[in-house]
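If you're matching them up, the sequences are chains H and Y in order.
In terms of this note's numbering, the first sequence has 74 at position 74, counting the first letter as 1, and numbering is strictly consecutive.
In terms of this note's numbering, the second sequence has 352 at position 352, counting the first letter as 1, and numbering is strictly consecutive.
Everything labelled a hint here was simulated from the structure, so no lab data went into it.
Since the structure is predicted, the reported quantities are computational estimates derived from the model, not experimental observations.
Take the hints with a grain of salt, since some may be wrong.
Stated by the list, open to error - In silico BS3-like pairs for lysine-lysine, Cα to Cα no more than 30 Å straight-line:
1) Y:K705 <-> Y:K734
2) Y:K513 <-> Y:K550
3) H:K124 <-> Y:K675
4) H:K227 <-> Y:K734
5) H:K140 <-> Y:K391
6) Y:K303 <-> H:K140
To be verified - Calculated from the model, a selection of chain H residues having no Cβ within reach of chain Y, i.e. all distances over 10 Å:
7) T12
8) S13
9) V14
10) E18
11) M69
12) Q72
13) F130
14) K175
15) Y191
16) G231
17) K259
18) C263
19) I312
Each residue gets a CB set at the ideal place from its N, CA and C atoms; glycine is no exception.
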Amino acid sequence: MKKWYDAINNATSVDAIEEIRISIFGKKGILAVEFAKMKEAPNEEKSKIAKELNTQKSALMHELTSKKMELQTKELELAMKQEGLDVSLFSASSEVGALHPVMETMDRIVEYFASLNFAVKTGKMVEDDFHNFEALNLPKYHPARDMQDTFYFRDEMLLRTHTSPVQIRTMMAQKPPIRMIAPGTVFRRDYDLTHTPMFHQIEGLLVDKKGKVSFANLKFILEDFLKYMFGEVEVRFRPSFFPFTEPSAEADISCVFCKGDGCRVCSHTGWLEVLGCGIVDPNVFEAVKYKDVSGYAFGLGVERFAMLIHQIGDLRSLFEGDIKLLEQFR
Amino acid sequence: MIVTRSWLNEWIDLEGITTKDLCKTFNSIGLEVDKLQSYDIPKKIVFGKVLECEKHPDADKLNVCKVDIGTSIRQIVCGASNVREGLNVVVATIGAVMPTGLAIKPVKLRGIESEGMICSASEIGLPDFMDGIIELDESVRKVRLGDEVKGHSLFSDDLIEIELTANRGDCLSIRGVARDLSAAYNRPLKDAVVNTNEDKRVGIGRILNLSHDKNYHVNLRYKAVDLKNLTLPFIVKLRLSQIEETRDSDILSLMLYSTHSSGVILRAYKHSFFKKEDETIAKIDLAECEKGFACIYSTDKKKASMVGIIQEDVSLVDVDEGIILIEASYIPPEIISRQMQESKIKSGPLYYKTSRGSEPELNRGLDCCMQMLEINSASDIYGGVIELCDKYENVVISITKDEIDEIIGYSIDKVEITKILKNLGFDTSKSQGDSFVISVPRYRHDIKNKQDIVEEIVRLVGIDNIPSKPFEFQEENRLGDDYFWYKKRKTYRYKAADIGFFESIHFVFDEKKILNSYGFETLVEQKDLLNPIVNTLDTLRPTLLTGMLKAASLNVKNGYSCIKLFEVGSVFDKERNESVKMTMLASGTQTADSLANSGKPVKVDFGYFVQKVTDIIGEFDLVETKTTHQLSHTYQSATVIQSGVVVGELFRLHPSVQNDYDLDITYLCELDFEKLPCSLKIAKESSKYQASQRDLSVIMPKSMKYAQVKSVIDEVKTDEIVSFKPVDIYSDEKLADEMSLTIRFTLQRDDKTLQEEDITSSINNILDALQSKLQIGLR
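Kindly generate the complete structure, drawing on both the sequences and the hints.
The following block contains the structure:
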């Protein structure tokens, strides 16, 4: 019997094991021969022989099965080794495109206000003096017109300098209450490192019955909004001046780069100016013939938000379709 | 507006308020601090006095001085040309380290011991405003020999630059800023009491006479001075350099100083300008010029100035002596800026202040100026003034405490409100109970209504001290057309980005010349831009294509070979009507180089581009069409048709344009965004029976278009044929001018499984039609 144990142990392939199995357990295998011999044995010994043979049989079977499994594992391992790859070769670059960071920021802002039940309103880029200036308490001689260098056309139309005309048109077309934002492209005649002649703005307007809308309401929504956009920042308000709001304020957030310690981006003040806002000036309501109402308005530059949020340094690169920049937003 | 701490301190006591706190207050009351600069004078630089001054025996340009520095007398060699005996100076003593890093040590200069250095302004870190060494005078008060310069507020000063909003003309002077601070800190404004010895003086009436033909909205007030021996004090020179202003003569510098300090517009005229040679009385005539502005004329109708706008050179005082007239003027800003808007004329340096609202209390400026003249010159000042005032009544605004609280959304104490208004110079004495009656001083021309009053209260209370409160609103569906339009844009943009295109934004401005050269129509002349910012952006774009090409070109320069871009943006037709286009560009290779393509990525081709555009906008048909512009390849351009509607064009870029922009093979597609579908999808019920496919290969001339074949099939196909599409084109030498086109048909019925004979009959039907109409048939 030892011969067979050696044969099993020395087998090198699953096929060899199979041959051994047939030699031992097959119809003409050695075990069959041994069992056949049993017939000739005396009856009283038969059961003893049968018992021995069966012990032998199961021991051999066990040996054979475990050897077979061992060899199978080895062969599979070998086969897989053949299929081995240098996985480090495979780092594919993405083939999807990306949204523009400014437009994506705009989407985020719109999403915030839409979820707070603000209507989205849009308008045309070419505007007239009335909707862009006059109705917004900016008569022709108003010094604040200096702040907004305007592109004019030969027929005295102009490119809107803010999205406020959309608010005027909305108020003239529908009755209060109003709860809206106006996202859009606007234009100022200014072109240098920190200004482009075209940029994007989102302005918001809320109008309701007289005495209902207060400065405290304005503060509440803007504080919440700025935290939604920039994360945990401090928000402060400074009085300011806009012809169409009164009282007016500018909102600053603690610098997102230096956390308020002072750095180059915040001109060492620790604060970043991010939006303008205020209580709607009664002259604006008068221009659109609203009576006994109160309201607040706010406005912000989308490029500035995008640049602060994504830490983009170069404003101009936003208008060049520069894949170097855009592919980082995949 | 530039202010310095020491200058402000002349109008309001800043004791106990740090400069940091001052800046915080400025920001919180709406005077935004733009810049803070602190002058830090090094230690061991002290006040001294030159007791003796002698020429250096061995050097022409050096002097040997004995200088009293309080504790001792030192010998100092000085090279400045203005050093002289008796001069009060600034001395860097032994051990001082100058801002440049130079350490002061005892030295020998040409053999003579020197123990220190007499300093110039720039040497101690001040603006360079005096030639040679600093000469101190009485204007620098509280100076003791030996005291460190560092401890003197005039030298260790803080300079604060404030960015003023357009409405705050009242803060365009030191006194104006101090007035706002007085309300913020609840400290009184220090208005100097001026001593005038009017009795002993010759009255101004003896030499000046003022006439006017009608009433003007102008306030004028004149003083006359016989100017003698004027020396400009140190403090004036230093401060004018700090506010970065200079004037040619001492008298003009003095007046500029008074204006910046008080806010009153001051001008000086030659007395002689207004009189004939043989006369003693000058006559000033206020009259309207041809453009309707109030102007000052001499008796012989020579214009001296336009009030509040500009002074003519001929009337300017050019020497610091002789009789001069000093004029203080005020003109309401809303009047002057409206006039100026209507007739654009050149304005002088003080116009900015006038147009934003200068100080209407004219004596404040004149007093300031006269006092300086008395101290710093031997001039004779004529008694009294000659003046002209328009009638003015203060704006009165009534508002209740409830109204104030409603706008702010928070209740502010009545006493607090009254205190704020009073400190701002508003008269509230007529108020009763909870009703405020507020008389607004003229210098606050920006305060016109209730909300203006609330703004004043809000900014002085501090916005950060007002608690935030959510607004309570009624639910309402606000998802209107504009929202869905926005959402449609968003949907297409997200799709394009997912399919592999990068979103780009370009200016809506473009270059007319280039657009025209490619055959695009631009704005008609009378509707074109009047004031473009640069020549290359001189009109509005009629297409997004050129912007795309520029962007592609930039990316090629940056080393990119696989360029896929899109934009959704506005364009303008020649009548300037705005519409939105969606444009896609694919240029160079289909993918970046990688292992998968053995570093040789396949270039974009027509089929690839059509596939990508389809992935974004859904299926469409192409009809061969020439574009109206010349950007397209002559034989690879098409109209894009979706559900029978023309939605745009798709083409390969013309090879010569490709060269113009240094591009590799490029495809473009521009679509009318409005025409792209955005309706909700309707699902069709599908057949339960099996579908079959049949391929049909026909031999047809190479010149024949698939569109012809397609239209014949469309015409005759039976309902069993649910779809068909070309799947293979084959040609070889044997076929010569012909080719084999394989079309795959899908057949299916809703009511039964198609039998072989049904299929054959359908296909034969088509074959017959192709044979009879196009004379093409099976291979």
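Going through the hints against the structure:
1. Y:K705 <-> Y:K734: 21 Å, holds
2. Y:K513 <-> Y:K550: 15 Å, holds
3. H:K124 <-> Y:K675: 18 Å, holds
4. H:K227 <-> Y:K734: Answer violated: K227 of chain H to K734 of chain Y is near 74 Å, above 30 Å.
5. H:K140 <-> Y:K391: 26 Å, holds
6. Y:K303 <-> H:K140: 28 Å, holds
7. T12: 38 Å, holds
8. S13: Non-interface label on S13 of chain H holds, nearest chain Y Cβ at 36 Å vs cutoff 10 Å.
9. V14: Since the minimum Cβ distance to chain Y is about 36 Å, V14 of chain H lies beyond 10 Å and the statement holds.
10. E18: 42 Å, holds
11. M69: 38 Å, holds
12. Q72: Non-interface label stands for Q72 of chain H: nearest chain Y Cβ at 34 Å, farther than 10 Å.
13. F130: For F130 of chain H, whose nearest Cβ neighbour in chain Y is about 16 Å away, the distance exceeds 10 Å, so it holds.
14. K175: 12 Å, holds
15. Y191: 5 Å, violated
16. G231: 18 Å, holds
17. K259: Answer for K259 of chain H: holds, closest chain Y Cβ roughly 18 Å.
18. C263: Non-interface label on C263 of chain H holds, nearest chain Y Cβ at 16 Å vs cutoff 10 Å.
19. I312: I312 of chain H clear of chain Y: closest Cβ-Cβ about 13 Å, beyond 10 Å.
The structure shown violates the earlier hints numbered 4 and 15.
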